[in-house]
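**Q** Produce the entire structure from the sequences given, and follow the hints as far as they go.
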Amino acid sequence: SQQGEEDPQALSIQEGENATMNCSYKTSINNLQWYRQNSGRGLVHLILIRSNEREKHSGRLRVTLDTSKKSSSLLITASRAADTASYFCATPLLNTGTASKLTFGTGTRLQVTL
Amino acid sequence: GAGVSQTPSNKVTEKGKYVELRCDPISGHTALYWYRQSLGQGPEFLIYFQGTGAADDSGLPNDRFFAVRPEGSVSTLKIQRTERGDSAVYLCASSSTGRTEAFFGQGTRLTVV
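Each protein sequence line maps, in turn, to chains A and B.
Residues 4 to 117 in my numbering are what the first sequence lists, from first letter to last.
Residues 20 to 132 in my numbering are what the second sequence lists, from first letter to last.
Because the hints were derived from the structure by calculation, they are not lab data.
Each hint should be verified, as a subset may be incorrect.
Computed cross-link-like contacts, SDA-like style, restricted to lysine to any residue with a CA-CA straight-line distance of at most 20 Å [claimed, not checked]:
1. A:Lys59 with A:Ser42
2. A:Lys29 with B:Gly78
3. A:Lys59 with B:Glu102
4. A:Lys59 with A:Arg44
5. A:Lys29 with A:Ser74
6. B:Lys34 with B:Glu102
7. B:Lys36 with B:Phe85
8. B:Lys36 with B:Thr95
9. A:Lys29 with B:Gly22
10. B:Lys30 with A:Ser42
11. B:Lys97 with B:Gly78
12. B:Lys30 with A:Arg44
13. A:Lys29 with B:Glu63
14. A:Lys73 with A:Ser15
15. A:Lys73 with A:Ser27
16. B:Lys97 with B:Ala74
17. A:Lys59 with B:Glu120
18. B:Lys30 with B:Val132
Partner residues are not named here, just some residues of chain A that face chain B (Cβ under 8 Å, in silico) [stated by the list, open to error]:
19. Gln36
20. Arg44
21. Leu46
22. His48
23. Leu51
24. Arg83
25. Thr87
26. Ala88
27. Phe91
28. Pro95
29. Leu105
30. Phe107
31. Thr109
32. Gly110
Fair warning: this is a prediction, and the values are worked out from it, not measured in the lab.
Just so you know, even glycine gets a beta-carbon here, dropped at the ideal spot from N, CA and C.
**A** Rendered as structure tokens:
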């Protein structure tokens, strides 16, 4: 079963614009992770935010986490055509210690046009 | 190796046949995971190995699915009597002790005809 829901399901923007994707989840978490997937194959880990953090930056990525609303957002600034991909949020089970059995959301398909 | 390697990258098989999918994790990663991803969906967990043992196989859909990791490195996902509904991309991931970030392979696209 899917833990989270990403919103929107699809997003189309022009190069240079910012892209914001949202994720909602259902259960308590230790951390929340964002992954990118190109062409329906391997996923690449982008960023991890812990449950005691509210905001985190990595290059052009900014992630926020609101545990009271069980939601997270991923902002990609100054988007490029190479950012075109599907983006997923994922959460590990709370009781699995350091294991990273992940539950993924349904994904946002981002299209960046020139 | 430098990354998680999965073979084959594509597999077409006939309904009812047996298939094996292989995963070679990042060297030194003790945790290994199998996920299945259907079109338009996020990956869904199948099974998790810590070392050689299956620590959690709660995601395996039925007894036609089985996975092994005999030496704590390479893993094989085995599907018996394949059905058309088994068609999906099968993703393998590994992670190191104490870390929750997963490193994924490129997946095996299985098509059952």
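**Q** Hint numbers the structure violates, sorted upward?
**A** 1, 3, 4, 9, 14, 24, 25 and 26
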